[in-house]
Amino acid sequence: MSAMSVYLTINLGEVTGIAALEASLCGVPLIALQVDFANEPTGEEWIWSSGSSEAVIIRIKEMLANPEEGKRIAARQLERTIQAHSVDTMLRSYLELYSRAMAGRRKPETCV
1 MSAMSVYLTI NLGEVTGIAA LEASLCGVPL IALQVDFANE PTGEEWIWSS GSSEAVIIRI
61 KEMLANPEEG KRIAARQLER TIQAHSVDTM LRSYLELYSR AMAGRRKPET CV
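Note that the sequence shown covers residues 1 to 112 in my numbering.
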């Protein structure tokens with residue numbers, strides 16, 4: 001993946017696939033085709049996306065024409081990937097989820 005200049009993925013809102021996370025961990029900038037057509041790019045999202053294939057093509061061309069911008073975007077996306085999706089972060093999230101589930105479960109009633 002590190003040989004790629006840009007990784008094109010498919011997003012549903014902010015949700016992306018594992019391959020995009022892997023590309024990010026390799027330092028590849030991510031762009032997405034957005035399947036939630038109500039979700040328009042604002043410039044604030046961690047992966048720029050659009051439901052318009054023409055807009056995605058234009059964005060990819062811009063990134064290929066400016067490799068330094070791609071490096072800046074990839075660095076920002078890598079930081080987000082590590083912050084939100086690293087093994088340690090996911091482990092903590094799952095442990096919190098399981099702890100809440102266990103704390104909220106009812107004790108089994110004794111059969112008489």
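These aren't lab readings, by the way, just hints derived from the structure by calculation. Computed from a prediction, not measured in an experiment: that's the story for all the values here. Some hints here could point you the wrong way.
Here are the computed distance ranges between Cβ atoms for each label pair [said to hold, decoys possible]:
| id | residue 1 | residue 2 | range |
| --- | --- | --- | --- |
| 1 | Ile57 | Tyr98 | 37 to 47 Å |
| 2 | Glu96 | Ala19 | 21 to 31 Å |
| 3 | Met102 | Ser5 | 41 to 51 Å |
| 4 | Met102 | Ile58 | 22 to 32 Å |
| 5 | Ala103 | Ser5 | 15 to 25 Å |
| 6 | Glu68 | Ala103 | 44 to 54 Å |
Here are the simulated EDC-like cross-link-like pairs (lysine to aspartate or glutamate), alpha carbons at most 20 Å apart as the crow flies [stated by the list, open to error]:
| id | residue 1 | residue 2 |
| --- | --- | --- |
| 7 | Lys71 | Asp36 |
| 8 | Lys71 | Asp88 |
| 9 | Lys71 | Glu22 |
Positions of the beta carbon are idealized from the N, C-alpha and C atoms, including for glycine.
Going down the list of hints, with the structure as the test:
1. Ile57 with Tyr98: 37 to 47 Å: Holds, at about 43 Å.
2. Glu96 with Ala19: 21 to 31 Å: 26 Å, holds
3. Met102 with Ser5: 41 to 51 Å: Between Met102 and Ser5, where Cβ atoms are some 46 Å apart, the hint holds.
4. Met102 with Ile58: 22 to 32 Å: 50 Å, violated
5. Ala103 with Ser5: 15 to 25 Å: 48 Å, violated
6. Glu68 with Ala103: 44 to 54 Å: 49 Å, holds
7. Lys71 with Asp36: 27 Å, violated
8. Lys71 with Asp88: 25 Å, violated
9. Lys71 with Glu22: Satisfied, since the Cα-Cα distance of roughly 16 Å is no more than 20 Å.
Checked against the numbered hints listed earlier, the structure breaks hints 4, 5, 7, 8; every other hint is satisfied.
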